[in-house]
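Enquirer: Now for the letters of each chain:
There are 2 protein chains.
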Amino acid sequence: MTFLKNDIFIKTLLKQPVDRTPIWMMRQAGRYLPEYRKVREQAGSFLDLCTNPELACEVTLQPLERFDFDAAILFSDILTIPDAMGLGLYFTEGEGPKFKRPIKTAADIQALPIPDPNIELRYVTDAVSLIRKNLQGRVPLIGFSGSPWTLATYMVEGGSSKSFQKIKSMMYNEPRLTHQMLDKLAQSVALYLNAQIEAGAQAVMLFDTWGGMLSTEDYLEFSLYYAKQVRQLLKTDCDGQKVPTILFTKGGGLWLESMADTGYDALGLDWQTDIAQARVRVGDKVALQGNLDPVALYAEPQVIADKVKTILQKYGNGSGHVFNLGHGILPDMNPEHVKAMVDAVHEFSLPYHQNAM
Amino acid sequence: MTFLKNDIFIKTLLKQPVDRTPIWMMRQAGRYLPEYRKVREQAGSFLDLCTNPELACEVTLQPLERFDFDAAILFSDILTIPDAMGLGLYFTEGEGPKFKRPIKTAADIQALPIPDPNIELRYVTDAVSLIRKNLQGRVPLIGFSGSPWTLATYMVEGGSSKSFQKIKSMMYNEPRLTHQMLDKLAQSVALYLNAQIEAGAQAVMLFDTWGGMLSTEDYLEFSLYYAKQVRQLLKTDCDGQKVPTILFTKGGGLWLESMADTGYDALGLDWQTDIAQARVRVGDKVALQGNLDPVALYAEPQVIADKVKTILQKYGNGSGHVFNLGHGILPDMNPEHVKAMVDAVHEFSLPYHQNAM
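Chains A and B, in that order, are what the protein sequence lines are.
Under the numbering used here, read the first sequence as residues 1 to 357, first letter to last.
Under the numbering used here, read the second sequence as residues 1 to 357, first letter to last.
Just so you know, these hints were derived from the structure itself, not from any lab.
For glycine and all other residues, C-beta sits at the position ideal for the given N, C-alpha and C.
Warning: the hint list may mix true and false statements.
[To be verified] Straight-line distance between alpha carbons at most 25 Å, and here's what the computed DSS-like set of lysine-lysine pairs gives:
1. K162(A) / K162(B)
2. K166(B) / K162(A)
3. K309(B) / K166(A)
[Stated by the list, open to error] Residues from chain B that face chain A, not an exhaustive set, calculated with beta carbons under 7 Å:
4. S163
5. K168
6. S169
7. Y172
8. N173
9. G253
10. L254
11. W271
12. D274
13. A296
14. Y298
15. A299
16. V303
So that you can see chain A by itself, here it is in the shape it has in the complex (with noise of 0.2 Å):
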């Protein structure tokens, strides 16, 4: 076991005390770094590069020597499963990702095989061990899956959506069927997750992409019982050490009570939700991540620090807050932005961790 020069990030997931509010950001390796545009170019495809595990590596760490953020995110994509599964990922320029083999009938939901992830993700767990080593313990290592209810969209609708309309009619005409399919899905990312952490990673992260476009009674039923259902297969010791939880639904600031009640460690924010109403709303639960709008970053230095001032204002005293932007930081940013925002939470976030220590 390496120590762990900086656990401010692991520390705030479990509300303890800390020194200042911590910060990584979503989508931190990608293509607003020029050093990474230059491995991708080398690397040949995105998923060349994803599936490489000492590319993937590299590219993982490269923010994290231009900018102070407490954490590393693995890099890689939330459609690994179906692609193990044998669904055919592959990406078109300008569209997104698709699948080349869609699920579109029950048969094909009833052949769906649970990935071995130590055999068809290998590629993933290697990446993860290859950057837990390189790491020494500087920052914590996050490891991460789409959502159940996340993945299935994708796979029936063969790719990115707008209206959803193939998943949805699915669930609203076969709820059986889909139930069958998002059980498979939970059991496939509990094992994927579990699998990140024996290789190294120190907190995990469901990202459910597309639960906020569900209504209520739906998102209760067909995303966040599995997104449950995962928790609770989850190994969050290892090696003697917690490893927390974090549960993402992009736009379901509506649903953050029964989020809590889900057992996960701490809920990430997208930027719509008020971090101050969040925190009164969640109570001693979890802790929050968030919530900066990206296209804030677009914003002069000054009001990009003024943004990051008034988050940090809102969620007040204490621990239990990692600061992240709301979604994915967009491609086309200025690196010197996000060096503005990260500066302004390391300069501002003291005041509020005074009785800290």
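Given chain A's structure and the hints, the job is docking chain B onto it.
Expert: Coordinates of chain B only, in the frame set by chain A:
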């Protein structure tokens, strides 16, 4: 003044007793109807159809021939005001609305005129008069406009957007300039809706399609503030009749309490928001309109009926609920499925109004 034969829509918005729940449907005059597609083909472009009062009247009335809707809504586009301001609205197949001359500079904003709706938007007020006359008091006619914020997004982005980078950058970096533009838009929208009321609209609705893309504080400052300005400028009595007002922010479920304090008679709900919780949150301040997931209409008719029952039951007893979708109907919908929804509202809403009269 024609006597209104069916006034349950108006009465419900004012929370007066009725004997069943009224229903209409966002985008009820539209592409899912073969008779609409025929007129559209005859008209030429979508804009040719909007700007021709006779044809706009014809398509407005079409859905009433098929379904027992309790209101008609003016057939028009939400971007008529920026077009009347000189921005040059046009449509490209599959890409939605665009402007030839989007707003780019402070000078562009200072040069924006406030259109006289009875001159530059005469085709709209003419359509309203004609529809009102042809309705012969069968059901009330709803007028509408895009909200100031939503109009501003299109005017600055030059069309639809995913990230709203341009308008948000302006909002963050040049808040005073953005407020100047929104102030002009609020004045223009109020004049426009008042002209529709004078021409015969019996209720008006403000569509804030993109308010839900803002953080809570930005929503309050840049979207809701101007929706309230519009409300304060509205003429809500016409020929001795009260003209109810509806505010709809798609993705605004987090902000219902603030929205209920702006003087509108009713709030539109998207499908994500739970209508039972919404009713508790807004109390007696406003009526509610919504909120079936538009994609639920792809389900089998029996499932549609069940979904309708659930929403009616969630709202519960008494007046104050106008049934609707949570967003516009999708263009490839089977009209028979719309009928299943309408029939279910007629049949299953009766018990909730038993002590009405």
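Enquirer: Give a verdict on every hint.
Expert: Evaluation of the provided hints:
With a C-alpha separation of about 11 Å, the suggested pair K162(A) and K162(B) falls inside the 25 Å cut-off, and the hint holds. Of the pairs offered as hints, the one joining K166(B) and K162(A) holds, with about 22 Å between alpha carbons and a cut-off of 25 Å not exceeded. Distance hint between K309(B) and K166(A) is fulfilled; the C-alpha atoms sit about 23 Å from each other, no more than 25 Å. Evaluation of the S163(B) hint against chain A yields a held restraint, the C-beta minimum of about 6 Å falling below 7 Å.
About 4 Å separates the beta-carbon of K168(B) from the nearest beta-carbon of chain A, less than 7 Å, and the hint is met. Using the Cβ-Cβ criterion of 7 Å, the hint placing S169(B) at the interface with chain A is satisfied: the shortest such distance is roughly 4 Å. Interface hint status for Y172(B): upheld, as the beta-carbon distance to the closest one in chain A is roughly 4 Å, under 7 Å. For N173(B), the interface hint holds, since its Cβ comes within 7 Å of a Cβ in chain A; the closest pair sits about 6 Å apart.
Interface restraint check: G253(B) against chain A, minimum CB-CB distance 5 Å, threshold 7 Å, status holds. Given the 7 Å rule on beta carbons, the hint for L254(B) holds: about 5 Å separates it from the nearest Cβ of chain A. Here the hint on W271(B) is kept, as its CB sits about 5 Å from the closest CB of chain A, short of 7 Å. Checking D274(B) against chain A by beta carbon gives a least distance of about 4 Å; that is within 7 Å, so the hint holds.
With a least beta-carbon distance of about 6 Å to chain A, the hint placing A296(B) at the interface is held under the 7 Å criterion. At its closest, the beta carbon of Y298(B) sits 4 Å from a beta carbon of chain A; the interface hint therefore holds under the 7 Å criterion. Here the hint on A299(B) is kept, as its CB sits about 4 Å from the closest CB of chain A, short of 7 Å. With a least beta-carbon distance of about 5 Å to chain A, the hint placing V303(B) at the interface is held under the 7 Å criterion.
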